[in-house]
Amino acid sequence: MKGLTMNFKIILIILLLPFGAVAKEELKIFTYGSFNSDWGPGPNIEKEFETICNCDLIWNTADSSGALLSRVKLTNNKEGYDILLGLDDSLVDEAKKNDLFLKHSVNTNGLDIDWSDEYFTPFDYGYFSFIYDSEKLNQPPKSFNELAERDEISIIIMDPRYSTPGLGLAKWINQIYKEGASNFWSEIQDQIVITSKSWSDGYGLFLEGESDLVLSYTTSPAYHSLIEGSQKYKSLNFEEGHASQIEVMGILKNASNLDLAKSFLEFSLTNGFQQHIPQGNWMYPVLNLKETQKDFYDAAPLPVSLDQVFPSSTEKDKWIANWENSIID
Amino acid sequence: MTNLYLDKGAYFIRLPYLVYLFFIITLFITTLYFLSNADNFSDFKFFSYFNTIKFTFFQAFLACSISSIAGFIFGLILYLSNKNPKVISSLLNFCFILPVIFVSFGSIFFYSSNGILSIIFHWLSVDYNVNVFSLKGIIYVTSYFNIAFNANFFYRKLINIPENYIKVLQSNGIPFLKSIKLQLKNFIFSGYSSVLILSFIFCIGNFTIVYILSGSPNLTTIELAIYQSIIFDADLMRAILLGMTQLIIIMVISLSLISKTYTFSTFASYKKSYQIIDKPIFIDYFFWIIIVYFSIPFIVLIKGIFSFNLQSLLTVNFLNSFINSLLVSIISLTISSILTLSSLNIYRSFLDNNSSFHKIIFISIALLLFVPSLSLSAMIFYFNFQLNFIFKSIWIVSLINSFFITPIMFIFLSSKFIENHNSEHRNTLLFNIKSLTRLIKIDLPKIRNEFLLVSTTVFVLSLGDLTSVTIFNNSSFKTIPLYISQLYSNYRYNDAFFILSLFIIFIFLIMYLPTFLLQKNAKN
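Taken in order, these protein sequences are the chains called F and Y. Heads up: the first sequence begins at 1 in this note's numbering, then just goes up one per residue. Heads up: the second sequence begins at 1 in this note's numbering, then just goes up one per residue.
Everything labelled a hint here was simulated from the structure, so no lab data went into it. Computed from a predicted model, the values in this text were never measured in an experiment. Quick reminder that beta carbons are idealized off the backbone N, C-alpha and C, glycines included. Incorrect hints may appear among the rest.
[As the list claims (entries may be wrong)] Chain Y residues, not near chain F, derived (Cβ > 10 angstroms throughout):
id, residue
1, L117
2, I174
3, I201
4, I230
5, S295
6, T315
7, L351
8, F381
9, Y488
[Claimed, not checked] Below, simulated DMTMM-like cross-link-like pairs (lysine to aspartate or glutamate); rule was C-alpha separation at most 20 angstroms, straight line:
id, chain 1, residue 1, chain 2, residue 2
10, F, K97, F, D112
11, F, K316, F, E94
12, Y, K45, F, D93
13, F, K78, Y, D233
14, F, K73, F, E94
15, F, K136, Y, D127
16, F, K73, F, D93
17, F, K96, Y, D233
Please model the entire structure based on the sequences and the hints provided.
Here it is in structure tokens:
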């Protein structure tokens, strides 16, 4: 009987050996939903990375960029993610303050944007803008001042308390108007027909005809042009310049696989990752791909850029307070 | 208490309630511990939420008032229309339990700038300037459910007016409407206080409606602020304190009414006293206006069916969401059924022994209705955090749903469950019937029809819920309402409406198929 048990154990070990031998390391990435949706860049990036890392890339998602940071703060990353992908520059200061991330040693020189941060690496960037339907709006405004003067133009924006584009608009207005930001908000108050909770909600309502303008990115017309073949949606080109948004990723403190996480950060700055950004996440890649992605850059020309700002939590609160005070009666 | 007879079965039946009580007390103690140890307790500025609190109660009072008045008028018109009471009652029930996203999206589809009404107005060359993403939209959708709820109450009251009374009225030539003013109002409005409280609670807990339709930062309710605190600001303390604020204010408002009401008889099934009375002129027109009003959200079904796309049903995300939805509803219903039967049993045993402790049982269960679902989510989130996330999202959402539907089951079944309890109690003592035997052989057959009705209702309510799942969802755990709202958010309207349509048909089948089969079986 003893011999039989021993044989059984040996057979079991032999049978399980192949599974043990091929068991792959796992890299858990926490990101926002659209990045890993069927139409987002996630699935392609996963394929590319898995071919070079001999690992399993596991995505987990939250509804939005803001929700990502909140989740890891609430749980202290007890859920065990290795990388958080999708914070934007307005959340970087808050993320660092919470001491949730590890320093990286990835070289970020030679990118299409100026970047130097010891905790985060950028993976794409964009410029906030207002999108309009050129078949409905013949003479689009050329500046914020003109926009505020033309009361007949209706606008959909996003709530800066819930949405990063909403916060981006608050940043943009504060960059331009500084102390006069509250007055500007008051001036356009009557034109804002909907303040949506998320960019996708707001953009969908704009496409359904609920407003003349919607807050989005200069890259949005490229989607309509390259995927739908429609040229009617265009981005406003403001003479004051456009505020930018840089999306970043970082390694979480209790990451279980540091080497793999670091190699993913390095991979994110290569063509294998970046080529999926323009027509996957509809943002500008941080590598210069103007030659290989000419159609994209033609459909989404770079606007005049304002200086890059990394707001502190206090500044962010002030922007939101400016908006709240002028909008809430 | 001297007659209190406890056999082994009695302990077994009472165990779920005791476990529930233990869990709730532990949860509250953990929460108090968390609040007392929070570093940023002094950062919570109550007065900065004054506008939010004011708006929450303003919109709830407005929606509740509209629902009460319209519910009474609708109930009266439906009664006077002399139509089949079973059909009318089923229609009102169904409208009340419809998923919030269905009525919200249906209203957007009908009233938005590019909606059906706008197209009709445009065709008639009339300006259309309705913004559904406003207070009007929130009140409209919130009232939709509560008008159905109130109308059902009044309708059932009216069809329960004794036959003799109607005959006396007719023989004396007294108009029916005048008799309501003179004599019937006490009968019709008896027990309405409990409906009013429930209606107010439903109006205040309209998180999903406000989430979808609030198009302005002015339109923020306490529950939306709780959602923001958890999802975006990682501030559980603020979420819990806001929840507590809402709980205390509702309790203060409801206290006087609750102290007089320890059982709700408002949902009793109608009796066969439906009367043919003389129809007032134009009543049929009003009847059809009501039918059109309740049918408006269903117009979206037409778009849904025309957007047929089999592929959207074969995606992993859809199948995953569908299975999760079913699992959540099954687990919630199971927990609620066990807890309800257990607490009803204890409730009745106190009544049997003339003990006033039954009030405590009632309050301990009814309390769950007052706690905002999202605040409960924040408490459980912290509790689970302390336990190193031992509970998976599916269990947490099921538990929160079951806590919400248990009071509904308890309230619905209580009157039938305790019916004739004194004589039954004497008989159980006389024939030495054990508690478990009494439950299985006497209680369950007695409440079978009501149990089936309330089970399907709460199952559907759980299926259509979109509150706690907004907090606890992840890549592998989504429910159908969340999946539909995400499709909608991602501008995949056709898929969203198609799946929504199938979801409503599925809900309809769940709601009425068991009753239909039961009736067919009884006839056979």
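So which hints don't hold here, by number, going up?
4, 6, 8, 9, 10 and 12
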